[in-house]
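Asker: Residue-level listing of the chains:
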Amino acid sequence: MIPLYVSVATRAFRRYSTYTAATLSGLFTNCVFGCIICFVYLALWDQRPNAGGYDASDAVTYVWLGQAMLMTVMVWGGGVTNDLAERIRSGDVAIDLYRPVPLIGWYVAQDVGRAGFHLLTRGLGPTIVGALLFDVRFPSGPVAWLGFAVAVVLALLVSFAVRFLVASTSFWLLDASGPNAVAFLMAAFFSGLTVPLVIFPGWSRDVVMALPWASYIQVPADIWLGKREGWDLLAGLGFGVLWAVVLFAACHLVLRRATRKVVVQGG
Amino acid sequence: MADQATGVIGVSARGYRDIARMWVKAALAYPASFWMMAASQFFLTLLDFVGIWIMFHTIDSLGGFDLTEIAFLYGATAFGIGVADLLGGQVERLGELIRMGRLDGMLLKPLPLLVQVCADQFALRRVARITQALVMLGVASYWVDWTPAKVGLTLVMLVSGSVIFLSIFVVFGCVQFWTVDASEVANAFTYGGNTMTQYPLTVFPKQVVTALTYLVPLAFVNWYPSLYILDRADPYGFPEWLRYASPIAAVALVAVTAVVWRAGVRHYESTGS
Amino acid sequence: MRLIEVQELRRTFTVGRFRAKREVVAVRDVSFAIEAGEMVGYIGPNGAGKSTTIKMLTGILVPSGGRLEVAGLDPSRQRTDLARRIGVVFGQRTTLWWDLPLRDSFAVLQRIYRTSPRRHEQNLAEYVELLDLGDLLDTPVRQLSLGQRMRGDIVAALLHDPEILFLDEPTIGLDVISKGRLREFLRTLNATRGTTLMLTTHDLQDIEALCDRVIVIDHGTAVFDGALADLHREGGSTRTLVVDLVDEAPPISVPGATTRKVDGPRQWLSFPTDASAAPIVAAVAAAYDVADLSIQEPDIEDVIRELYSR
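Protein chains in written order, with this note's numbering: chain A, 1 to 267; chain B, 268 to 540; chain C, 541 to 850.
Just chain A, same shape as in the assembly (with noise of 0.2 angstroms):
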């Protein structure tokens, strides 16, 4: 089982690595849109130096993480499960549903595949970049370090199950371009990509930082510039965990439906 998961990934890897300009292309928008944010963020600093218990330094970083992100975790969706969502409209996705590997599984793998793509060309491009045009702040130590590469992995665990199931209303919707557009919409903003959590004011920051998507950048980024240690870091991967489990648990659900559906109607 695990060998085909790992051949599964490796395929999804390479898929993605055959497209070359695509990632010189995305590498420079990234580049360009976290120059811009960067400005944008340090005359804010300039004015208030500490807002949301950063400084102009931690300001910056989180741009760059945040570029880094977006295409590793696929903060607006899609990746592999839009190839779901076609075959669920093409009803293809009945070959999928009686593969001798389970679904979720499958697609999982997929997208693991697809995100060490991105995380070693456009996780770590505008990271490079981003240290060598502005102050960027690196992880103090190998906790750090380790903690954060475990918040990346959950980060891409709970996005999957999201995107997931934003793919599977095809099952019902035959066209997910509506729940696409809700969730983009959703994962644009919640994940702190448009303005970072730790600004937002008051009860609204407790709010967004107890949703799934803040494990998507804001968690990460937290550990990585050293604001969250020790119980606190537990706690920043706790719920992750926490996340994964419940939207991996809606997924099995969701799916065990669909598939009567789809047995019972054909298709």
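Derived by calculation from the structure, the hints in this document are not laboratory data. A portion of the hints provided could be inaccurate.
[Unchecked claim] Computed footprint of chain B on chain C, listed as stretches where at least three residues anywhere in the stretch have a Cβ under 8 angstroms from a Cβ of chain B: (1) 588-599; (2) 617-627.
[As the list claims (entries may be wrong)] A partial selection of chain A residues facing chain B, derived with a Cβ cut-off under 8 angstroms: (3) 21; (4) 26; (5) 39; (6) 43; (7) 44; (8) 48; (9) 49; (10) 171; (11) 175; (12) 184; (13) 185; (14) 188; (15) 194; (16) 195.
From the three backbone atoms N, C-alpha and C, an ideal C-beta is built for every residue, glycine too.
Position chains B and C relative to chain A; hints supplied.
Answerer: Only chains B and C this time, still in chain A's reference frame:
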């Protein structure tokens, strides 16, 4: 010659309308999706502003401009990119049209290629973003000291801004004639340009503003005319006439775009053999 | 009247990047002329430059050199004028709108081509009847089978009364019955409307059924231009009679055919393409216990290879 030109424009406009109407009809076949997407477009672009509003909980001014002034800048650029995206945002997917061989089909139809590419999958839901921009402008205009000249310049700004964004969509979309899957480069200039101009350009280094004036004239989308409308001196001391120069920038950019598009079409190599 | 005139037509592509960059000649100095009402087959092996030629003739690709005139127009420079006078069908891809029902696609084409509504209705009714598309008009194109889609594409290409119809591999992937119906339709179209036909194909039967003239292109160069019978003669092409005998036997010997290969009870006999199979079949059946017989048509690639090797 002039007759011929108006003829082409007439044919193009009619063709655009015919194709667009068909796509609207097709989209309305799934009304739930249509409204969900229209609503999310409305909120998505609005949330950018909510982000700025959240920033203003910790600060009173950004780059020397207050929230109402930023709302005006924001509304103006959102309108420009909204109109451009509605009319020609599809250029983004030129590479896909090439890969799928659909561009060949378009080249076989008696309409200018650009018209067909822009009208392809015309999405009426994008009107939501324009509506949102107009609401924002309407609210922000409460704090503007209006004069007839300012009203006039606002209209000029909105039209020029739309034309500039549309040209930028097309000109950077053309990259895909040479490198099919490099569509994302354009995003840096279209959506990136939109993000930049949501803020007063004073937050950026002067070199950036120079580039946005003379290289990729995004500063004319809202910044220069707004300096006049909001009665602000140019913090960077660029020439004053730039405030009225948005139409010139727009026309110049259209000319460049036309040349690049033609070069792209003539370079087009069609897939397969 | 000459409808298509091609002189020294050339098209090169640049492949590879950076240092591996090199130029490939897809079409090399091809010349021919086609008269109104002709049905011409444009054939050759994969990658010979067939599609590239068609794409230049229809204004999709800009030629790298040579002169080109279709219906008195320069295709790439007068593309939109030309579009009204030609119809084009690509076998492997559709020019219809993928997500829309055929009916909507056709309606938009009427507007785009500014065909008079009456003419449009007439044509639509006639072609839909001839190609048996009546039940499919409300089906989105993406849900159509290959054969159905192909018929839809052909209707779409004909609604504006083109003088020339270009078909690029029109029968590729179709079953035998669909192929037959399509050929029948194209013959009728040429006979009743005088539409000039130019088609590329892999299938020699397309050519046999439709074309009085073939142009063979190989490695970008036109190597033959003439009647199909002449091509067979020049290419020395043969048909093959596959005989399954009841028992194994020494090589069959009948007049007019030579035995090429023996494999157990199965034997392959070849005979000239322009000869009738009947006497050979009769001779074999008279002398041997035959379990089954079948005839293999010559492969276009073989003919061309033969043409070249001499």
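Asker: Evaluate each hint against the coordinates.
Answerer: Structure-based check of all given hints:
| no. | hint | in the structure |
| --- | --- | --- |
| 1 | 588-599 | holds (count 7) |
| 2 | 617-627 | holds (count 6) |
| 3 | 21 | holds (5 angstroms) |
| 4 | 26 | holds (5 angstroms) |
| 5 | 39 | holds (5 angstroms) |
| 6 | 43 | holds (4 angstroms) |
| 7 | 44 | holds (6 angstroms) |
| 8 | 48 | holds (5 angstroms) |
| 9 | 49 | violated (10 angstroms) |
| 10 | 171 | violated (15 angstroms) |
| 11 | 175 | holds (5 angstroms) |
| 12 | 184 | holds (7 angstroms) |
| 13 | 185 | holds (5 angstroms) |
| 14 | 188 | holds (7 angstroms) |
| 15 | 194 | holds (4 angstroms) |
| 16 | 195 | holds (4 angstroms) |
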